[in-house]
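Going by numbering that gives the first Met the number 0, the sequence shown opens with residue 0, and the numbers climb by one from there.
Just so you know, not all the hints are guaranteed correct.
[What the hints assert, rightly or not] Each pair of labels, with its calculated beta carbon distance range:
hint, residue 1, residue 2, range
1, D85, P149, 31 to 37 Å
2, P72, T159, 33 to 39 Å
3, V28, A57, 15 to 21 Å
4, P58, F138, 14 to 20 Å
5, F88, D23, 27 to 33 Å
6, A57, I172, 29 to 35 Å
7, G99, I61, 29 to 35 Å
8, A82, A57, 17 to 23 Å
9, T136, I61, 31 to 37 Å
10, V28, G139, 34 to 40 Å
Keep in mind the hints are simulated off the structure, nothing from the lab.
Here a beta-carbon is modelled for each residue, glycine too, at the ideal position from N, C-alpha and C.
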Amino acid sequence: MPATRRLIAVAFTLALPALAMGIDFDESVSGDLSGDQSMPTSLGGLAEGTTTVAGSTAPVPIDQDFFSFEILPGTALGSITLADYDGPFGGGSFIAIVSGVGFSTLTDPSGYLGNALIGTQAGSLQGEDILDDMGGTAFGGIGFTGALGPGEYTIWYQETAGDTDYTFELNVIPAPGALAFLGLASVASMRRRRA
0 MPATRRLIAV AFTLALPALA MGIDFDESVS GDLSGDQSMP TSLGGLAEGT
50 TTVAGSTAPV PIDQDFFSFE ILPGTALGSI TLADYDGPFG GGSFIAIVSG
100 VGFSTLTDPS GYLGNALIGT QAGSLQGEDI LDDMGGTAFG GIGFTGALGP
150 GEYTIWYQET AGDTDYTFEL NVIPAPGALA FLGLASVASM RRRRA
């Protein structure tokens, strides 16, 4: 197979949407999300597009929701939209994200990718992208900017001041590098045909 054809084949493989393995999760239908930091509910590998997670929490006893997912090769987590939020008036609900499956600790945030308060803070309100807020280090952590690339991730959500209902939309996009690679392969192919 000529080099150009191999390049195009690899580019298409990287650019094609991943197999739809991720699941939409609604606590009212599927049961409670895991409250165990080391054994989160798994959503599996997320396909390009939107995966919805809907849940609720209560403050007594503290209801913590943990769920994990995988961003597949050739894709990235481009945003998390807070599609719906109903919670107590005040400082916002806590959300954190780590690489890997599960949180090794809930008391030392130094290994968290990021964390934020959402729901009542400007920039993290219903209908807005909260991934950029989650990249912050309000309570410590590593911090990040932009999309999150391939790998496994776990999210922890909780509210201690009152009951909440929430819906997150995890939006998976083609990895920027895969699209650029596809474009280069197309240019190389056109040049070869002209020659």
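Going through the hints against the structure:
1. D85 <-> P149: 31 to 37 Å: holds, 33 Å
2. P72 <-> T159: 33 to 39 Å: holds, 38 Å
3. V28 <-> A57: 15 to 21 Å: Cβ of V28 to Cβ of A57: about 18 Å, so the range 15 to 21 Å holds.
4. P58 <-> F138: 14 to 20 Å: At 18 Å between Cβs, range holds.
5. F88 <-> D23: 27 to 33 Å: holds, 29 Å
6. A57 <-> I172: 29 to 35 Å: holds, 34 Å
7. G99 <-> I61: 29 to 35 Å: violated, 23 Å
8. A82 <-> A57: 17 to 23 Å: holds, 21 Å
9. T136 <-> I61: 31 to 37 Å: With a Cβ separation near 23 Å, T136 and I61 fall outside 31 to 37 Å, so the hint is violated.
10. V28 <-> G139: 34 to 40 Å: holds, 35 Å
Hint check: violations occur at hints 7 and 9; the rest are consistent with the structure.
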